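With the hints as extra help, turn the sequences into a complete structure.
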Amino acid sequence: MSTLSLALRNIFRNRRRTLFTLTAIMIGIMALVLFDGFVRYTLWGLQESTIRNGLGHLQLATAENYFTTGNFDPFRYLFTDQEEIVSKLQALPEVKSVVPQVTFAATLASAEKSGIVMVQALPAEFSRSLLSFRQIVAGRDLQAEDRYRVVLARGVAEKIGAKIGDTLTMMVITRNGGLNAADLEVVGIASLGLRELDNIQVYLDLSTAMDFLDITSVPLLITVLEKTEYTGQVKETITQAFNGKTGQPLVVKAWDELADYYQQVQGFYDTLLQIIRFIIMLVVIFTIINTMTMSVLERTREIGALRAIGTQQNGIVQLFLAEGLWIGLLGGISGVLLGLVVSSLINNLFGGIYIPPPPGMAEGYQAFFAPSAATVGRNFLLALVVAVLASLYPAYKGAKLKIADSLRYL
Amino acid sequence: MMVVSLEQVYKEYKLGKTTTTALNGISLQLAEGEMVGLMGPSGSGKTTLLNLMGGIDFADRGRVFVYEQALAEMSDRQLAAFRSRTLGFIFQSFNLIPVLTAFENMEYPLVLQGMAKKERRRRVEAMLTAVGLTAVKNHRPDELSGGQRQRVAIGRALITRPKLVIADEPTGNLDQKTGKAIMELMKQLNEKEKTTFVLATHDPMVVSYTPRVLYLRDGLIVREEVR
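Heads up: the protein sequence lines correspond to chains U and H, in order.
For the first sequence, our numbering gives the first residue as 1, with consecutive numbering after it.
For the second sequence, our numbering gives the first residue as 1001, with consecutive numbering after it.
Derived by calculation from the structure, the hints in this document are not laboratory data.
Bear in mind that the values here come from a model prediction, so they are computed numbers and not experimental data.
One should not assume that every hint holds.
Short derived list, chain H residues pointing at chain U, Cβ under 8 Å [to be verified]: (1) G1054; (2) R1077; (3) R1083; (4) F1091; (5) N1095; (6) V1099; (7) E1104; (8) P1109; (9) L1112; (10) R1156.
We treat Cβ as the ideally placed atom computed from N, Cα and C, and that holds for glycine.
Structure follows, in structure tokens:
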């Protein structure tokens, strides 16, 4: 008969108390599994929307400065050997598409109002794949033959009072320093999810933009990969393959280096998760300490008898730690299972839960729970470690009892 | 060789503001193979004396030696090993482990000694037969009668073949017939293995088996009978 089997029998001596303790751990771990799953889904959603809202997985430019000030001076950073770089990138198996893009600031005016906008111009055939999280809320998206037609973000349309079919005038400073103006027909209005983008973004077909700006190449190549997981590895490949082999310097940025908002949200959720984990674990710790202390008190005579027949102090410590281990194991397993069952029920039976628009977002979303094996494993391990740690003090107290006093205890 | 030796041992207990003298300067020597009865009214110091001999309590003054080793100078680890290998304890109120069966309760001290499973089983089965509990070996203490529990406790104390057995009212919960059977078992062990027994009791039947009887009152040996 081992310490573990003796401990297992001991924890079921007071069934009701053990059940309450296990329930507390189970609910705590379930809550962590659910919250981990919620955060994981939300961050995944934000990651994919960030990538498909025009950022792509990797961005290639000719200078570091392009990523900070390039939108206001795109001409300085134009590729000189664009065709060669594009064909090399397209040869990589992980690369889904390479999208040339130019982004620039312009003034957009209706008959009554005008405002500064940020123009994102890419070949219209890539709009759906690269801007797939963008929702056309009125009219239609740009098509390949849509020369001098424009799609406005909802906030921009509202600010300058434009609707489908209106003609707007766009003004821009060209490569040679001259002022160019063009009339553009509004064919669509889009919602971008992020409020800050909704108020400034405008979309043109790349050929219109190049014509309009009087350029023959672009300053930015956006690479979309087959899967987001490939990002790091492809960045490494590109950096090594192109380093010093192109006429211009080449700077490669991964999507997460460019997505400040994503980083902030991730940091926020990480902190929140840690605070919640800390609070839940504190509740679990005190529940277990209470249970184990009661157990030591109730079994004072028994501890005295065990010691009198030759059990070492260590043996008593090991016995109570083993009881804590069992409580953590059973509570952890049931908590993880309950968390997975509840996640699956909410996802499949109720179709997720509706989350109102978070700060900075234009629209709410349907959240699902996507707990990963890693987070589930981490929460389970946490239950084990916390249960054993919480048993340390009661176990020590039990081991330090004076034998003769324990045997007299009523 | 002296198994137990006490030199001018004093022990007091404090309960709130009251101090009770349990042992008041006792000196005593027990030789190997002795079977000694301790008699005296409640509160005379019998249990305290047994606790000091077993190394589960310590004297305020004076010295206690067991096999010429001063118990007060031993570490907790050494004391636990001493209790496991040299000593057998029989408690007045059984003190069995409630979650273990009669078999497992008896087996436990052998597990502590690290004995192989096969040898443990052989010894436990033999002890169960000796104390007449084979039929209830898989019962837990709460499924046993008072007498059966006491027999499990006795079996647990004797199973390691200790050199010194300390028993506090060993037959207190047994009927006359079972009590006698248990005392016969102890006598056999005493004669065959030279096991030393110290038995605190109120039962004249028990002291009829002990050639030496010490009478305690107010923490002192007031009379000694050697038959």
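Consistency of the hints with the structure:
For G1054(H), the shortest C-beta to C-beta distance to chain U is roughly 7 Å, which falls under 8 Å, so the interface hint holds. Because the beta carbon of R1077(H) sits about 6 Å from the nearest beta carbon in chain U, less than 8 Å, this interface hint is met. Evaluation of the R1083(H) hint against chain U yields a held restraint, the C-beta minimum of about 4 Å falling below 8 Å. For F1091(H), the shortest C-beta to C-beta distance to chain U is roughly 7 Å, which falls under 8 Å, so the interface hint holds.
At its closest, the beta carbon of N1095(H) sits 4 Å from a beta carbon of chain U; the interface hint therefore holds under the 8 Å criterion. For V1099(H), the shortest C-beta to C-beta distance to chain U is roughly 4 Å, which falls under 8 Å, so the interface hint holds. A hinted interface residue such as E1104(H) counts as satisfied when its beta carbon comes closer than 8 Å to some beta carbon of chain U; here the least separation is about 5 Å, so the hint holds. About 5 Å separates the beta-carbon of P1109(H) from the nearest beta-carbon of chain U, less than 8 Å, and the hint is met.
Residue-level restraint check for L1112(H) holds (minimum Cβ-Cβ distance to chain U is 5 Å; threshold 8 Å). The interface hint given for R1156(H) holds, since its Cβ lies 7 Å from the closest Cβ of chain U, which is under the 8 Å cut-off.
This entry satisfies every hint, going by the numbered hints stated previously.
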